[in-house]
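Go ahead and model the full structure; you've got the sequences and the hints to work with.
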Amino acid sequence: MEPIVNPEIKFTKIFINNEWEDSVSGKSFPTINPATGEVICEVQEGDKADVEKAVKAARDAFKLGSAWRTMDASKRGVLLNKLADLMERDRVYLASLESLDNGKPFNDAFNIDLSLSIKCYRYYAGWADKTHGKTIPVDGSFLSYTRHEPVGVCGQIIPWNFPLLMQAWKLGPALATGNVVVMKVAEQTPLSGLAVAALVKEAGFPPGVVNVVPGFGPTAGAAISEHMDVDKVAFTGSTEVGHIIQKAAGGSNLKRVSLELGGKSPLIVMDDADLDFAVETAHFALFFNQGQCCCAGSRLMVQEGIYDEFVKRATERAKKRTVGDPFASNTEQGPQVNEEQFKKVLGYIQTGIAEGACLMAGGGKWGDKGFFVQPTVFSDVKDDMTICKEEIFGPVQVIQKFKTMDEVLERANNSTYGLAAAVFTKDIGNAVYMSNSLRAGTVWVNCYDVLEAQVPFGGYKMSGVGRELGEYGLEAYTEVKTVTISIPQKNS
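Note that this note's numbering numbers the sequence shown so that position 51 is 51, with each residue one more than the last.
Note that these hints are calculated values from the structure, not bench results. Here a beta-carbon is modelled for each residue, glycine too, at the ideal position from N, C-alpha and C. Any given hint could turn out to be false.
What the hints assert, rightly or not - If you anchor each label on the Cβ, the simulated ranges turn out as follows: (1) Lys27 with Asn6: 22 to 30 Å; (2) Thr36 with Asn446: 35 to 43 Å; (3) Val450 with Ile136: 13 to 21 Å.
Said to hold, decoys possible - Dumping the calculated EDC-like pairs for lysine to aspartate or glutamate here, alpha-carbon to alpha-carbon at most 20 Å: (4) Lys319 with Asp383; (5) Lys75 with Glu149; (6) Lys63 with Asp85; (7) Lys48 with Glu88; (8) Lys320 with Asp384; (9) Lys320 with Glu304; (10) Lys75 with Glu202; (11) Lys382 with Asp406; (12) Lys369 with Asp308; (13) Lys53 with Asp85; (14) Lys119 with Glu149; (15) Lys365 with Asp383; (16) Lys201 with Asp406; (17) Lys403 with Asp308; (18) Lys461 with Asp383; (19) Lys130 with Glu475; (20) Lys343 with Asp308; (21) Lys319 with Glu339; (22) Lys344 with Glu391; (23) Lys403 with Glu390; (24) Lys48 with Asp85; (25) Lys382 with Glu407; (26) Lys134 with Glu479; (27) Lys403 with Glu304; (28) Lys426 with Asp276; (29) Lys312 with Asp325; (30) Lys382 with Glu475; (31) Lys401 with Glu339; (32) Lys63 with Asp325.
In structure tokens, the structure reads:
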């Protein structure tokens, strides 16, 4: 499929009540093409006043007797499927917009991001009329039952690394269960999320059900987190910001909070693993999306019997990785999302060198424009090194050696994070034992980044609170109400 190299920028305003509005303040901000460093366009900058308008629109859409509250659950599913249909229709345009604004290769945006986003909406469309309560046989002459009701106004704050997919992860379960949404799209990558807002209207969702506000975290994001009329906030992003949102929720109306945060995910390769497959999969686990994945396999732990050969092959693979124009068909790696991330990643590389890790490949800037970083590999990394403990969020592979299974489990679990982990081995007994022993929300065995809508995703420890996706993902967006009615006589 050929990309649209210069996609038309159709939507740059704030989406409230199914209408496009300028910011109350009159401010705008530039969104940058990370492949060139040049401004793509100006986008309206939403802040507290705009969030106030969006929350009011959402609250009105959630009133008793509204079109949304009285809509059949099955019709909500129809609307979600319609949204998926429209995204399928506009797939090339949306993928091109994503690649332009984010810097990820078009082939990845089209084949992975759009595919998973569309499947997520379709998955939750199927759930719309299948989440329900129970009748419960209590003692006495009473009829007791439970209802699964929508939480209400949901604030959703999404990140810049997978704008379309994270939007789908948030909107899918929220809308399937009958909630209304005020979403803040990332200031680094607002364009694709605004394009989907236009499709929400075209699909037939009533005004006020979905509102999208581009803006910055300390203003628009804070306004959502602190708002007394927002019933729930969902956030995907850094652990640092997760702390701020949790505090804001606690300091306001104790709104419900779900957080999908950072990670430093161990990828463990045992001596008996298929070496070529493990090398290639570990390469994908780290370098995919320019290393900008919360669940990246960013701590590669290889057993001593194959360590030297693994490092050799991993280094060779990194040196062959194709970096360049995101719209070129052979590009594997595009730029980091912006100059801030670019400098942060280069800073971590310098720290790794200074602390004594062995630089095997890369280590610097790639090209003469844009925010590209060379595919980088470090070996002989120790547990106390900064690059082993902190989330780099870039194309920097960190390789460590271990001797025994129990040793690597103890070291892998000695982390403040617990988002994901992986094990590569041919021994099914070891695979099960290690999967059960790793303190992580997701463990992959002989695979990586299998992130399908049907299975839950989320972290232990400081990697987050709650789960997204799957049936479990519905729980964050529903309140369970008990209704008990006195009846003249109960019969079995």
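**OP:** Would you check the hint for Lys63 and Asp325, treating anything up to 20 Å between C-alpha atoms as holding?
**Re:** 48 Å, violated
Original post:
Does the alpha-carbon distance linking Lys130 and Glu475 stay inside the 20 Å limit?
Top reply: 13 Å, holds
Original post:
Hey, Lys75 versus Glu202, does the alpha-carbon distance stay inside 20 Å?
Top reply: Distance of about 15 Å is within 20 Å: holds.
Subject >> Distance restraint between Lys75 and Glu149, which requires alpha-carbon spacing of 20 Å or less >> reply: Roughly 16 Å separates the two Cα atoms, so the pair holds.
Subject >> Restraint status (C-alpha distance of Lys201 to Asp406 at most 20 Å) >> reply: 54 Å, violated
Subject >> 20 Å Cα cutoff - pair Lys365, Asp383 >> reply: 26 Å, violated
**OP:** Starting from the range 22 to 30 Å, see whether the pair Lys27 and Asn6 falls in it by beta-carbon distance.
**Re:** 26 Å, holds
Original post:
Lys319 and Glu339: Cα distance at most 20 Å?
Top reply: Answer violated: Lys319 to Glu339 is near 23 Å, above 20 Å.
Subject >> Hint consistency between Lys319 and Asp383 [alpha-carbon to alpha-carbon, up to 20 Å] >> reply: 25 Å, violated
Original post:
Is the hinted pair Lys48 and Asp85 satisfied, with a Cα-Cα distance of at most 20 Å?
Top reply: Answer violated: Lys48 to Asp85 is near 33 Å, above 20 Å.
**OP:** With a cut-off of 20 Å on the C-alpha distance, tell me whether Lys63 and Asp85 pass.
**Re:** Violated, at roughly 28 Å.
Subject >> Pairwise hint evaluation, Asp308 against Lys369, where the allowed Cα distance is 20 Å at most >> reply: Outside the cut-off at roughly 35 Å; violated.
The structure shown violates the earlier hints numbered 3, 4, 6, 7, 8, 9, 12, 13, 14, 15, 16, 20, 21, 23, 24, 29, 30, 31 and 32.
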